[in-house]
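Protein chains in written order, with numbering that gives the first Met the number 0: chain Y, 0 to 182; chain L, 0 to 431.
Derived by calculation from the structure, the hints in this document are not laboratory data.
None of these values were measured; they are calculated from a predicted model.
The C-beta atom is built at its ideal place from N, Cα and C for all residues, glycine as well.
One or more of the hints may lead you astray.
To be verified - Coverage of chain L stretches by chain Y, computed from C-beta distances (three or more under 8 Å per stretch; other residues unrestricted):
#, region
1, 11 to 20
2, 330 to 336
As the list claims (entries may be wrong) - Partial list, computed: chain Y residues near chain L (C-beta under 10 Å):
#, residue
3, Leu27
4, Val130
5, Met164
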Amino acid sequence: MDRDLVEAARRGDRQAYADLIRVRGDRLFAIAQRIVRDVDRTEDAVQEALVIAWRDLPELRDPDRFDAWLHRLVVRSCIAEAVRTRRLTANLRVLPLDVPTATDDYLSVADRDELERGFRRLDPHQRAILVLRHFAGYEPAEIADILGIPAGTARSRLHHAHRAMRAALEADARSTAIGGQLA
Amino acid sequence: MNRQRDIDRVLDAWLVDGSSHMPDRLFEAVLDRVERTPQRHRPWSNLRFPPMTPRLYLTTAAAIVVAVGAVGFAMLGGPSPVTPPGGTPSATPSSTPPVSSSPGLLDLGPREIRDYIWLAEPRPAEVLGVESNMAALVFQMGGLRFDTGHARILTSDVVAGRSNELVLTSVENPGGCAVGDVGRYQWSLSPGGTKLVLDHIQDDCSSRAAALPGEWLRVACPNEDNWCLGPLEPGRYASQFFDPFVIPTDFRPRFGALSYDVTTSGWENNQDWALEYQLKPAGSPDDTGIFLFSDILAVSEADPCSQSPEPTVGRTADEIVEWLTRATGVAATPPQPVTVGGLAGWRIDVAMAPDWTGTCSWSDGEVTRPLFTDADSGDGFYWGLGAETRMRLWLLALPDGRTLLVDIDGDASTYAAILDEATRIVESFEFK
């Protein structure tokens, strides 16, 4: 039972902690990679969060809050990593993630490229909330729980993130059009 | 893409792509660090992080390290992290035993150092064993890392030694150190804390011994998205990202493409992007200070609000300055030929012509005279005059025919207050 593992890990049982993160690692990594958009820096962010989680675990009062708390640490670490590198990477040519992509008739290659550029224009906090909603599938109330913010604030931020994504796509389209004229 | 497409469906479909597997190496790395990381309990953490001012921290750092070491020894059964006195500088393996087998996760050295990122000239590939286009020291809870712009290497736990020493213990191999390699470095800070000097005392790891010593510039950017320097004290500084000599699609960070002297206190660097750099007096409005923009173009005379370039004006400094002298709505002094930092061009002072009444849809009814846009105007770049704006402009010729704009900018009162010192800073510019 996970609660028992959390309790054991809080008492310093490293094997229990390993068991906890082993079953959660894939999901946490997937969320992190979609926020950070860079494999190496995603690994840095996830490693950082999981070590801090181990260090601070004794201060987690309610073991049932472990998942939300761990998600919060990972998301915060990803935001910090993305903030540090956002402008640097935004100025470089956008490359696709070096992982295979699922076949999807709904989005063309051009669409994906445009989405990638648009998404990278977003504030990392906005990226995080979109990933939690559209990839992880959390409801606004759950996002609020993970981020430690009121539910109304989560809904508001989600609304603004959607709007920012639309604006980023529009800006990308304008930039592409202007570049085409000058070329 | 169809703009009307439901953004929810688009994001759902797009975000599902990508890896959903945590690499085994990451899992192993986490477990390795967990193995070396003590958990934090309240009494322990309070002892490790006593609330105090930076000055107090400095004066008591050694005492705290001793106390922490003693408690750490008692609680963890490990040796004290207190380092032995310094020895002869050497890059060869040392007989000095590791000062601590416990991690530096809760230490990382003095706050004046560990709270910041530090930038310096990139180190040669033959030193690091990997290509590098930047050198950044990044302190995180995981320890000190050396960021090359491509990778983070030389990851080391950090503890504060006595007499302004940092004691580093390698925790990973990338960069050439063996896990457990210990290095000791003397640190010193400039009076305002903007410059860190690391001197090598001893290091088991030769690549770290070659990479770390020297002067580092503090990143204390008020804009959290950017690695600009923030507050400056008198001294010479360099850019990390701004590079007027490259076009954006070829951009790579290049330390020191711009360098300059600041001779008085109270200035700060609050933007350092590939195409833009800014220096401003601390606390002044955002539109006051020294601005550098590469790749500027004259804005359309027919529709200056459009951010479109003027088709009859070329992109060279000569053409743009000639246009400024005859542009409607602009009062300009005769341009003076100048050379700044090795770049030839023109200096010209401009303000809005008294009879100009133009507004733009985005100017909220305020009289405005846009002057410049840029070739990469996807960001909505424009730069121009308000009714009270004063500008001293340098239009400098870049080797490929583009123009670098340097602008001392402010309203009538702030402009007068900063003009002399700002002009001295501009005249100290070097471009390489």
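A quick look at each hint next to the structure:
1. 11 to 20: With 10 residues close enough to chain Y, the hint holds.
2. 330 to 336: Since 0 is below three, the answer is violated.
3. Leu27: At about 7 Å, which falls below the 10 Å cut-off, the nearest Cβ of chain L leaves the hint on Leu27(Y) intact, so it holds.
4. Val130: holds (6 Å)
5. Met164: Because about 6 Å separates Met164(Y) from the closest Cβ in chain L, which is inside the 10 Å limit, the hint holds.
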